[in-house]
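Single-letter residue listing:
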Amino acid sequence: MDKDGKFLAARFHTHANLGAYLSTFASAIPTYLYGTLLAGQYATPQVYVEVDTWFTHTAPVDAYRGAGRPEAAYLVERLVTRCGWDMGLTQDEIRKRNFVTQFPYQTPVALQYDTGDFHACMNEVQKLADVAGFDARRKASGAKGLLRGMGYSSYIEACGLAPSNLAGALGARAGLFEAGEVRVHPTGSVTVFTGSHSHGQGHETTFAQLVAARLGLDPSQVEIVHGDTGRIPFGLGTYGSRSLSVGGSAIMKALDKIEAKAKKIAAHLMEASDADIEFSGGEFKVKGTDMKIPFAQVALTAYVPHNYPLDKLEPGLNETAFYDPTNFTYPAGTYICEVEIDPETGVVRVDRFSCVDDFGVIINPMIVEGQVQGGVIQGMGQALYEHGIYDKESGQLLTGSYMDYTMPRAANFPNIQIGRVCTPCTHNPIGSKGCGEAGAIGAPPAVINAVLDALKPLGVTEIDMPATPDRVWATIQQAKRA
Amino acid sequence: MYAFTYERPATQAEALKLVQGGGKLLAGGQTLLASMKLRLAAPEQLVDLGGIKELSGIRKEGNALVIGAMTRHCDVAESAVVAGAIPALARLASGIGDKQVRARGTIGGSVANDDPAADYLAALLALGATVHTNARSIAADDFFQGLFTTALDEGEIITALSFPIPSRAAYMKFPQPASLFALIGVFVAQTGAGVRVAVTGGGSGVFRHGAMEQALTASFTPVAAAAVKTDAGELSSDLHGSSSYRAHLVGVMTQRAVAQALA
Chain A
1 MDKDGKFLAA
11 RFHTHANLGA
21 YLSTFASAIP
31 TYLYGTLLAG
41 QYATPQVYVE
51 VDTWFTHTAP
61 VDAYRGAGRP
71 EAAYLVERLV
81 TRCGWDMGLT
91 QDEIRKRNFV
101 TQFPYQTPVA
111 LQYDTGDFHA
121 CMNEVQKLAD
131 VAGFDARRKA
141 SGAKGLLRGM
151 GYSSYIEACG
161 LAPSNLAGAL
171 GARAGLFEAG
181 EVRVHPTGSV
191 TVFTGSHSHG
201 QGHETTFAQL
211 VAARLGLDPS
221 QVEIVHGDTG
231 RIPFGLGTYG
241 SRSLSVGGSA
251 IMKALDKIEA
261 KAKKIAAHLM
271 EASDADIEFS
281 GGEFKVKGTD
291 MKIPFAQVAL
301 TAYVPHNYPL
311 DKLEPGLNET
321 AFYDPTNFTY
331 PAGTYICEVE
341 IDPETGVVRV
351 DRFSCVDDFG
361 VIINPMIVEG
371 QVQGGVIQGM
381 GQALYEHGIY
391 DKESGQLLTG
401 SYMDYTMPRA
411 ANFPNIQIGR
421 VCTPCTHNPI
431 GSKGCGEAGA
441 IGAPPAVINA
451 VLDALKPLGV
461 TEIDMPATPD
471 RVWATIQQAK
481 RA
Chain B
1 MYAFTYERPA
11 TQAEALKLVQ
21 GGGKLLAGGQ
31 TLLASMKLRL
41 AAPEQLVDLG
51 GIKELSGIRK
61 EGNALVIGAM
71 TRHCDVAESA
81 VVAGAIPALA
91 RLASGIGDKQ
101 VRARGTIGGS
111 VANDDPAADY
121 LAALLALGAT
131 VHTNARSIAA
141 DDFFQGLFTT
151 ALDEGEIITA
161 LSFPIPSRAA
171 YMKFPQPASL
181 FALIGVFVAQ
191 TGAGVRVAVT
201 GGGSGVFRHG
211 AMEQALTASF
221 TPVAAAAVKT
231 DAGELSSDLH
241 GSSSYRAHLV
251 GVMTQRAVAQ
261 ALA
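Sequences listed follow chains A and B, in order. Be aware that the first sequence starts at 1, since it is given in this note's numbering, and climbs by one per residue. Be aware that the second sequence starts at 1, since it is given in this note's numbering, and climbs by one per residue.
It is worth saying that the hints were derived from the structure and are not from the lab. The reader is advised that the hints may include incorrect statements.
Stated by the list, open to error - Straight-line alpha carbon distances no greater than 20 Å define the calculated DMTMM-like cross-link-like pairs of lysine to aspartate or glutamate that follow:
id, chain 1, residue 1, chain 2, residue 2
1, B, 229, A, 344
2, A, 392, B, 238
3, B, 37, A, 404
4, A, 263, A, 290
5, A, 264, A, 319
6, A, 261, A, 283
7, A, 253, A, 278
8, B, 17, B, 48
Unchecked claim - According to the in silico footprint, chain B covers these stretches of chain A (three or more CB under 8 Å from chain B):
id, segment
9, 402–413
10, 465–476
Using N, Cα and C, we set each Cβ at its ideal position, and we do this for glycine too.
Looking at chain A on its own, in the form it has when it is part of the complex (with noise of 0.2 Å):
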């Protein structure tokens, strides 16, 4: 860093554990899904990531979600908060200080983000949480004998997973792009076929509000098909937060291609030329007139050829399209928790946690909004409670049944506040980044840069995660020895 905190440079050595043998996915998580995001959110003009993986008596691991970017959000937020510190700027100044302001930007790590604005993110959260509001609060909880911290987290992640070619110099045996296909009934209402497949996502509500908006049709009115590998065409499925951006914009293609055979069926029956037809509000319309026909019509008509060009067009009205995309996508935010930790007994207690998110243009806000709390709940858990135990003499699993293996309940976390911030992804048709995994990659940070704020007047400065009552009491009684 220079004197002003500005970054200059990084350099990142890691041990992975790959557990005993070689899963699917396990040599990618700590190398291409983590290395390249080891610039976060900043400028930094040079950045050296060296990774060795290892092999160990543990369980093989694979991806969790997030693979790779909770680890590399993680390392590098701890890092930046701690340089904050180090030179005697404010978690928020530090990271304003070094965000990324141009877009697209080239990132050392190989990564091109396409857009995004991290300062509105910031500026936002820090309404969310009421940091104005946060010395008055430490003061109520030290009256109470307790001590109150507040972490930043402001992270970036790589995913809508990916273009083929990249996956293919990367090493990988599969292409990575997915198939959608749009079958229009004679009814006027739609099957879409999908290789996304929906394990608690929603698709079925999302891509069914794509397709319905599209074509002025009611959700209803829309089945999506997805998981049975002998109806839809070949697709390659759902993780890395890729099915919106991926699979919906296979979708979109499918709809653009239904559009234009469409406006040719509706032209013919309206006696117009092609190129004066419009479609918007489930209507085609010619330009200049107020001669129209409905979305329904034109369905019926393509299955009931009488009056069609057939001529110049098949009967019918049913299209596939394959989308390949061009790049990642990046979607990014900032997260601020604020805890409570009782020194008496090294309980930490989550007061409050905030996000805001740049997902580019989503569609559902119910869906996107559980998605952020199912990951932020699963990335506190891994700050707080959960932690796969091996006995260092035999190699014994300790951690064996839920009544030793600690997992979040929603007892332990209080409602979190969620805002939003929308820099569409420029590269594919909906402007979508996705948001399954964010939460967890952003969370875990966040706790434990709030428990060393806490902790910090104690003269604690380092703690891993989980940050059980055993660990915080212990490394508090070693900082009052020293």
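Following the hints, position chain B against chain A.
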């Protein structure tokens, strides 16, 4: 689970006969059934005490609270009789496990099992309770004999627990975050004869804390408890807490129990 036969006797006499013939007693099943699923226990015959009505119930008898062995935790937690006599006991019961565990778990089962982190055991020891069985009555001080070891004979059935009513009492538990058992739980009771302090979660079974009892009998205040140090050497270390952390928690939980008892 391995295969087993299941009996549900209607009377104590029937239950005794089955158990003397080798049957294994089933109370709430919250420990036994889980052990059977893990194949850590494989009884050939289960003798379910749930059908014997006289084993459940809560009543006041003079200056004592009497609770039937098969009384469920939720019933102790919600009982007006318990709340009126020993509210600390109701609060303790309301903190055992979770809602599902409290709906089935029983006080008799917990006492017979003698888990080193069970909550009720601290209450029995601190209140100077008596364990009544089909054959005799055993004072709490003589009942708990070490890790998972009680004074019960083979085939002996606990029928009821009786608790002398204290002038003041409280239970403070620091839960093990995964299982919600006590990492350290301290029950403090003040009677005419002085103060008794019992600790559960320490690792080798519930025990009375002599030094705390002395200090609190002299002065029943959190400050008096804060001055007493607990020896970590007697306590266990595991992945949820070191022995020195446990020793520290004994002090903190005792202080907080005293503060609650005084409130």
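Does the structure break any of the earlier hints, and which numbers would those be?
Of the numbered hints, all hold.
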